[in-house]
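S.K.: In order, the protein sequence lines correspond to chains A and B.
Here the working numbering is used: position 158 in the first sequence is 158, and no number is missing along the way.
To convert, count from 1 in the second sequence and add 1000; that's the working numbering.
It should be emphasised that the hints constitute simulated quantities derived from the structure, not laboratory data.
This structure is a prediction, so every number in the text was calculated from the model and none was measured.
For each residue, glycine too, the CB sits at the ideal point set by N, CA and C.
It is possible that part of the hints are untrue.
To be verified - Covered stretches of chain B, as calculated for chain A (at least 3 residues, CB under 8 Å):
# : stretch
1 : 1098–1112
2 : 1162–1168
As the list claims (entries may be wrong) - Here are some chain B residues the structure puts well away from chain A; computed CB gaps all over 10 Å:
# : residue
3 : Ala-1011
4 : Asp-1019
5 : Ala-1039
6 : Glu-1083
Said to hold, decoys possible - Label-pair restraints from in silico Cβ distances:
# : chain 1 : residue 1 : chain 2 : residue 2 : range
7 : A       : Pro-194   : B       : Pro-1177  : 55 to 61 Å
8 : A       : Gly-55    : B       : Glu-1117  : 34 to 40 Å
9 : A       : Glu-179   : B       : Gln-1073  : 54 to 60 Å
There are 2 protein chains.
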Amino acid sequence: MSARGRRSGGADTRAEILDVARGLFAAKGYDGTSVRGVAREAGVDPALVHHYFDGKPGLFSEVVGVPAGIEEQITAAVAGPHEGAGERVVRTFLRVWDGPEGRDRFRALVGAVASHEEAAHLLRDFVSRSILRSLAHIFGDEDVLPDLAVAAVGAQLVGMALLRYLLEVPPMADADPEEIVAVLAPPIQALLVP
Amino acid sequence: MSARGRRSGGADTRAEILDVARGLFAAKGYDGTSVRGVAREAGVDPALVHHYFDGKPGLFSEVVGVPAGIEEQITAAVAGPHEGAGERVVRTFLRVWDGPEGRDRFRALVGAVASHEEAAHLLRDFVSRSILRSLAHIFGDEDVLPDLAVAAVGAQLVGMALLRYLLEVPPMADADPEEIVAVLAPPIQALLVP
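Looking at chain A on its own, in the form it has when it is part of the complex (with noise of 0.2 Å):
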């Protein structure tokens, strides 16, 4: 593609970068894609690809269609004490997720991951990648936690979002954040800090 040369911006160029990048973490996963090569691949200058994405973590954040910062949310959230973390994650959750824009991009996501194999494929590596990584590596290397335990930590969240945002079934979906707060955040610390 670099034969039609470099383009210097505009709405179309940024939705072409998307689509480039979208094929390149599908097909080389996420370590094995570069700014500089969705850059050479779709005829624009890497800086461009910067500019519109922040890197490569907003460029993949944005193709799977996850809020961009997630990682660094929920990573900070886990930060700190011990004690009420599993409240500072469900809240965080919430806070990302949350309002009409949240929840359009939660079922958006939703449907795309049951719909096109390549959707899941790039979800699921995000989430063992960023979400599950971030979790386990907060307590440090001599009491990380089994695997199998933050997913299930992750599962909780994302069945709690099922519930409130898609199938927006009445308890879950009409309580408030901090209801939630209260009934989540015990198994979740749980799990966590067993």
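Chain B: place on chain A using the hints.
M.R.: Chain B alone, transformed into the frame defined by chain A:
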């Protein structure tokens, strides 16, 4: 449609009954729909609907896309001593959905819910009416669970299924059922028996 007269069976008739039932459940909800009404609109004898689907609950399960009898199995799992109820619920849920057919069904179910408002509505009705109610009522009137805690139990099971069957996140997708019981039963037990 009664103008067509009654038909006596065959694969097309079964599919036609399902189509009619899907429309009626969506329009009138579970309580407003009857086997007799479905039979009338499909132009068949009510006995044929009973024969194919084992009554209204079976018809509804088939329309929603959940395995037949899941409601009874979960009710049976929660029955008995409070001790060990969490384990029995997780084990039952895994027995219903594990295996290739269950996995495919779960994927199809999530896909339908994400893309069709009507499917989301039907599944919400099913989850609220049957699963959550059978979880809550099992403990009798005096110590009935707060709704949100029951919904949180549902969220944990659904979230686990999403990671295990749809995203196939490694530790959750590969784990032995009993490993999942070991990690998920304690939080569910704590929610069921505070």
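S.K.: For every hint, state whether the structure bears it out.
M.R.: Each hint tested on the structure:
With a cut-off of 8 Å between beta carbons, the stretch 1098–1112 of chain B has 3 residues touching chain A; three or more are needed, and the interface restraint holds. Note: the stretch 1162–1168 of chain B has 5 residues with beta-carbon separation from chain A under 8 Å; the three-residue rule is met and the coverage holds. The beta carbon of B/Ala-1011 is kept farther than 10 Å from every beta carbon of chain A, the shortest such distance being approximately 27 Å. Taking the minimum C-beta to C-beta distance to chain A, about 22 Å, the non-interface status of B/Asp-1019 holds against the 10 Å cut.
Remark: the non-interface label on B/Ala-1039 is consistent with the geometry, its nearest Cβ contact in chain A lying 29 Å away (cut-off 10 Å). With a cut of 10 Å on Cβ distances, B/Glu-1083 stays outside the contact zone with chain A, its closest approach being about 18 Å. Checked against the hint of 55 to 61 Å, the pair A/Pro-194 and B/Pro-1177 fails, with Cβ atoms roughly 21 Å apart. A hinted range of 34 to 40 Å for the beta carbons of A/Gly-55 and B/Glu-1117 is consistent with their spacing of about 37 Å.
Between A/Glu-179 and B/Gln-1073 the C-beta distance comes to about 30 Å, which lies outside the given range of 54 to 60 Å.
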